[in-house]
Structures are given as C-alpha cells and as structure tokens.
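Chains A and B supply the protein sequences, listed in that same order.
According to the working numbering, the first sequence is numbered sequentially starting from 1.
According to the working numbering, the second sequence is numbered sequentially starting from 1.
Just to be clear, a hint being listed does not mean it is correct.
Label-pair ranges, simulated between beta-carbon atoms [as the list claims (entries may be wrong)]:
# : chain 1 : residue 1 : chain 2 : residue 2 : range
1 : A       : 51        : B       : 123       : 26 to 32 Å
2 : A       : 51        : B       : 293       : 50 to 56 Å
3 : B       : 184       : A       : 289       : 57 to 63 Å
4 : A       : 233       : B       : 184       : 53 to 59 Å
List of simulated lysine-lysine pairs, DSBU-like, C-alpha gap at most 35 Å [claimed, not checked]:
# : chain 1 : residue 1 : chain 2 : residue 2
5 : B       : 55        : B       : 388
6 : B       : 49        : A       : 103
7 : A       : 28        : B       : 55
No wet-lab data here; the hints were simulated from the structure.
As the structure is a prediction and not an experimental result, all values here were calculated from the model.
We put the beta carbon where it would ideally sit given N, CA and C, even for glycine.
Number of protein chains: 2
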Amino acid sequence: MAVIIQKYGGTSVGSPEKIKFVAGKVAKRYREGNDIAVVVSAMSGETDKLIRLAKELSSSPAPREMDVLVSTGEQVTIALLTMALKDLGVPARSLLAFQIGIKTDDAYMKARIQEIDVDLLKKTFAAKEVAVVAGFQGITEDGDITTLGRGGSDTSAVALAAVLGAELCEIYTDVDGVYTCDPNICNKARRLDKITYDEMLEMASLGAKVLQTRSVEFAKKYNVPILVKSTFSDEGGTLTTKEDSDMEKEVVSGITYDKNEAKITILGVQDKPGVAAKLFSPLSDNNINVDMIIQNVSSDGKQADLSFTVTKTDYDKAMKIVKAMISDLGARDVVGDPSIAKISIVGVGMRSHAGVASKMFSALSSVGINIQMISTSEIKVSCVIDEKFIELGVRVLHEAFELDKTGSAVA
Amino acid sequence: MAVIIQKYGGTSVGSPEKIKFVAGKVAKRYREGNDIAVVVSAMSGETDKLIRLAKELSSSPAPREMDVLVSTGEQVTIALLTMALKDLGVPARSLLAFQIGIKTDDAYMKARIQEIDVDLLKKTFAAKEVAVVAGFQGITEDGDITTLGRGGSDTSAVALAAVLGAELCEIYTDVDGVYTCDPNICNKARRLDKITYDEMLEMASLGAKVLQTRSVEFAKKYNVPILVKSTFSDEGGTLTTKEDSDMEKEVVSGITYDKNEAKITILGVQDKPGVAAKLFSPLSDNNINVDMIIQNVSSDGKQADLSFTVTKTDYDKAMKIVKAMISDLGARDVVGDPSIAKISIVGVGMRSHAGVASKMFSALSSVGINIQMISTSEIKVSCVIDEKFIELGVRVLHEAFELDKTGSAVA
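Generate the whole structure from the sequences, applying the supplied hints.
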C-alpha cells in the first residue's frame, strides 16, 4: 500500500462543483487501496478577497493578524472537501496545521516549515481515513498561526510527502505540466515529461509559476518525486525528479521570462571596499529583493557603474532609497528603467556543453534585441532585455534551441 | 483596574467601517485603564453564507466539518478587529479557542464549554494588550474544533467573564436593551433598565432573541452581570443581574412570543404507562425538540388525547414519525396544526402574586383569542394561540399588565 500526497490548487477547488469533482478523483485513488493525504488551497479568489478586506482596515496590517486572517481560506476548503468525500462514502477527516503540528518559524506571511508531527496523520491512515490537510499554514512554537507565502500549499504538500515517505507528490493545477516555454506566447511550446529538481528550481525562480520555489528545494532535499498534472484532464503531466544517469540530459530544457523586473544603474560609484554593502543593506532592510547585480569598473579603475534589478513593484521605493544615498556613495548619478524584463534558458546539460550562452546571445541579436545585463549559473543563462521584446525573444530562443523537438539541439 | 469583557455581534462588525467604529469603542475603554477581552461574532451574513456552501456539497454535512467551516467566520473578524486596534495604537492580539484553551465537549454544532485556561489571557493583559477572542468556538480534548450553537458568542463572552472574574460583561448588539415586548409589534414597548437572570432566562428561551439562553445560565451560575447595549448609541442598556432585595420585583416584566411553533395532537391514546416514552424517544432520536406537552384523560379514564408542540421547522418530520406509530401507540388518529404560536408573560413577582394567569386568560379572551394549550413555571405563563392573533395578543397583554408604565400593575 502506497502513501500518496495530492495537492489541489485554488482554481481546482474554486466552486462546490469543482470540489465535488476533486472528491471523486481522491475517492478513486483511495479505493485503489492507497493511504492518501490531500492538501488543498483556498478557493480561487478567496485569499485576495481577504487581503483586500485587511487593506480596508489598515494600510499596513499586522503580519501576525494577516496570517490569522488568510489561513481561514484553506480551513473552509478542507471542511468542504471532507464533506464531499464523506458524501461519496469515503471516510475522511480535515486537519489544520495546529492539529497535525506543522511547526514553522515565526516569520509571518513567509514562514518556513521546521518540523511536522506525523502521529495524527498515521493514526488517520490507520483508521482508513483520508487526511484532508490545510495547505499554506503552519503554527509556531508559541501556537501562533503562520502562512508559508504565495504558493505555500505546494510546500505543505511536498513537506508532508517527505515526512510520510510518500511514493509520489501529485500537484494538480490548471495546466497539464511544465512547458519548454509559456504556451501563451509561443505556440510551439512543448510539454516536458520529466525535468530535474535543479532545472525546476531555476524555472520556478525565473518566473515559471507552476510550483513554489521552496517546494522544489524541499523535494530535492528529501528526494520526493513531484508530478504536476491538470485537475481536469487525465492526459499529460510533468515529473520533477532527481537527475539520474539514464535521464537524457537536455542542453536547454526551457525558456522562461519574468516581466516583473526593473533596472537601476548608479553612475560613477567609487570603486572601493564597502560600497556594495553600504548600498544593498538599506534595500534589504526595506525588504527589497535585489536580483541581478553587475558592476563595470571604468578604465582608470577608480570609478564604476553599478546596475542591479529589483521587481517592478519595488522600483519606486528602491529608486527613492538609492537617490538618497548618492552623495554618501560618492556617486555621480542614478538612472532607472522600469521597462525591462528578464529572459532565461535553463538546462542541466549546459554544464557539459560549451557555447550555449553565445548561441543565446547570437539568437537574440539576430532579431535586433540588445542585451543589457547578463547573469549565469551552472544550468541557466539570464539576460535583461527591453520588456517589449520579451515575446519575440522567447520565440527566437525556442526556435534556436529546437525545443519543439524531443531532445534539444546540442549547441 | 477592572477586567471588562465586551462582546460585539455580527451586525456590529458587519463591514470594515463598523469594525473600525468598534475598534474606537474598545480603544476608549482600554485607555480608561481596563484589562479588556473583546469577543466578536462573524460578520453578519458570513455564517449563513458558509452554511449555504456546505449545503451545496452535502445534504447532511458532517457536524465535525461544519464546525471547522463555520468557525472561520469569527477567525476573520478577530484578525480584522485586531488590525484596526493596532492602527489606533492599541496593542492587541487575536486569540482562537485552541490558543486559549476554550475546552468543550464534542457535541459538534452545540458544544458546551467545560473549561477555559486563563494563562494566556492573563499574559495578554500583563503585556497591556487587548485580547480579541473568537466567539462561538471551542476545542475538544482531542483538539477538534467545535462551535457552541447559534448565539454562542454570548456564551463565550460570559464564560470568559466568569473565569476572569470580570466586573461586567458588555454585550453590544443592534438593539439598545431588553424590552417589555417586541417594539416592532407594540409601540408602547418599554426598555427595562434591569432584569433578573431568571426572567432573562425565560425571555431568552421563550423567543426574545437578545441573548443565547446558555449564556444567561452561565451568568447566573457565576453571578456575572450582563449589560446589553446598542453598539451605535451610548444611550440605554439593560442590566441582567441577580435578584436582590432592593430590586423592585415586577409582577410581569415582559411579554414574549415565538412563532416558530407547531402543534401535533394524538387522539385516543391508550392511557397506560410507557406510552409517552414510546412516543417521545423516536422524536428525540431524530433531534426533534418537544416544547409543551399536554395530556387530557377521557372521562372513562382509558383513553387520552395528547398534544405537544415542536418547531415549525421540525413539523413535517415529526408528523411523519408520529403517524408511523399510530397503531403501535394504540391511538385513533393524529392531527397537526402548523399555524400556531406561543405567547408568554414573564416576571419574578409572579411567585408572590395570585391571579396573574387568570388575568392573562381574561385579557386574551376579551379580544376573542382562544387558548389552545397552557404551560406555566414559577415565573412565566405560556399560552398556545392561533398564529394570526400573536401581534394582537402581545398588545392586549402589554396593555393589561400596564407594561408601558414603570413598575407593572399588580394583578
């Protein structure tokens, strides 16, 4: 008998009819003889509705109370899904984070899971009941409710799969898998049957919104296979798993992009130790995440231009902070550009293949796209380009690396 | 420094604007130097909305899951009110039943409070924080969520007042107190400044919907004074308190009525032991509450007609059950009447005054109202009459007992 974790996202449980449909899917798996824990998100739109309510009460709602508030969304869904399961004759029990002891730190609104007590879950399985678990939420040592950040239910599901030694973590959503690129802007996008944790990590953090990045980190750490599938179709699915020897190593597995980026350049920064720290500490103190950073030293070696990217949402705040520091940094000026975007290629095969980056640059330049910044890791290359060229860039790279064909071209 | 418990009902916290207004009221009391626990209900309409959702998923939703579902309403309100308080600079902390240990039995949807752990509440007061407590909910020994039944937040508030030794339990609602009768049907209704627990108990159980009956039982047991006031007016208020010697004993304090009653009469029941048990056990097994019961033995002493009342909601179900038992009960026939209602007079002074009941009967008959059933206790007399005469009956009794004047007439 296998332990299976299933997770259903907000659009999959967005109405009573859809919840009944999901109950039918769970019942089928249950009747095959499996021990099942189902993790559900809030009904689509509910979390946003609660956040709007909070904003009406306070311009900066207390984070502890935000978590008390938004965690109700999942509580509603687990109760409803459990009712639907019982109506189908499937024994089931809803479980909240405080009940099964999903312990987190106390970083409200972005807490990290530290520990899960499996006793109650195992008792539930022993009683032949389906455990219907509220995703997204946790509980601190002191008994305060926390939430795991946007997409946190993915992480709840993977964490449960890890502690229960589940055979598989099935993530049901409104797409039928992970694609070589966004099918909305490239009609040649191809669904990937399999992808490695590292590739999925890069894709998730680069803007492909299928899984929460942290859930993939968790899955990689505990070696939990994740199957991303569509709730409403039996076809397709993408398995995220560890890199194994017989797995075909794609040079490039996918093209991702992120439009929520903005660029800030500080001109004529003094090139001496401590400048970067002086610049970036106030940004992180203000909860502004800096993504790419590039510094060019001038020919005389005394001055540098320093560029970095932040999210478009943080752009105004970041510009204000940086402008206030110009003289302190010994800089000449600050210029910003909120109309940029990031385009990336990802693939584990890149490690053993030379020339992947240069092929990317050539492809972009072949259609006249100027590259403003470049950043690389072992398995990805990212370029900042003018936002308006993003769709073109994705299509041209998809073509260049022949991603519409199974097994991508070698550079 | 006094400990004050305030409770705000659903209409008092029905919108972000109203929650802000309530926060202002709490802040005022807090700044007077009191330790405050605020109990709030769900925003008006929310509980019903959740119940409707459940009904869409199952014709008989599992009670355990109903409680998981409907308890979210109060969780939302405590988070929002706490945010609003913090915005006013008042330190505050939302608290759920599982956090402060409001222990109940496991009778889902109508659980009874057994114990409250005051540690966390006292810590909250010691930290000079307002405790914003979710009403209506509790937690079982096993950690399951329970709810206390309709109006259960009143009981939460009174129970907190009892365990914390509060000076006063303030219940804020959409009316400014308890009236001699329903002001909507009798324009001479007068607000009572003071009422005893026993009178309030009778009024609550007879249909005056100001307080949940159980909250008054609790208040009486622990001698907690309850002040019922309007959220949106500083005027008025009715204090429910113990009967003291210097309190003027009203012969009749109020007239109440309950339209949600239906009558069932079994004709020609054999008059022998065990018949009543045989009849009422299947009703209680089906969760049907029987209110008044009257039996008249026939002249030959061998047969009886037995009448009883149930809620209109339970009428069809009850008729079906009783009809199926006719031959078993050795009865001749069953007749029912769903268009009746109950009218009652309540007053502690009745105990020491004769003739109160007969005055009631005369008043009703003076306007041609026929009395179908009568039931009495030490401090109340109830009559079942034709539903269509209820408003007339209330007005005529209000007049007869001169309730528009302070200090009611002696019979």
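Checklist entry - In ascending order, which of the hints set out earlier in this document are inconsistent with the structure? => result Per hint list: zero violations.
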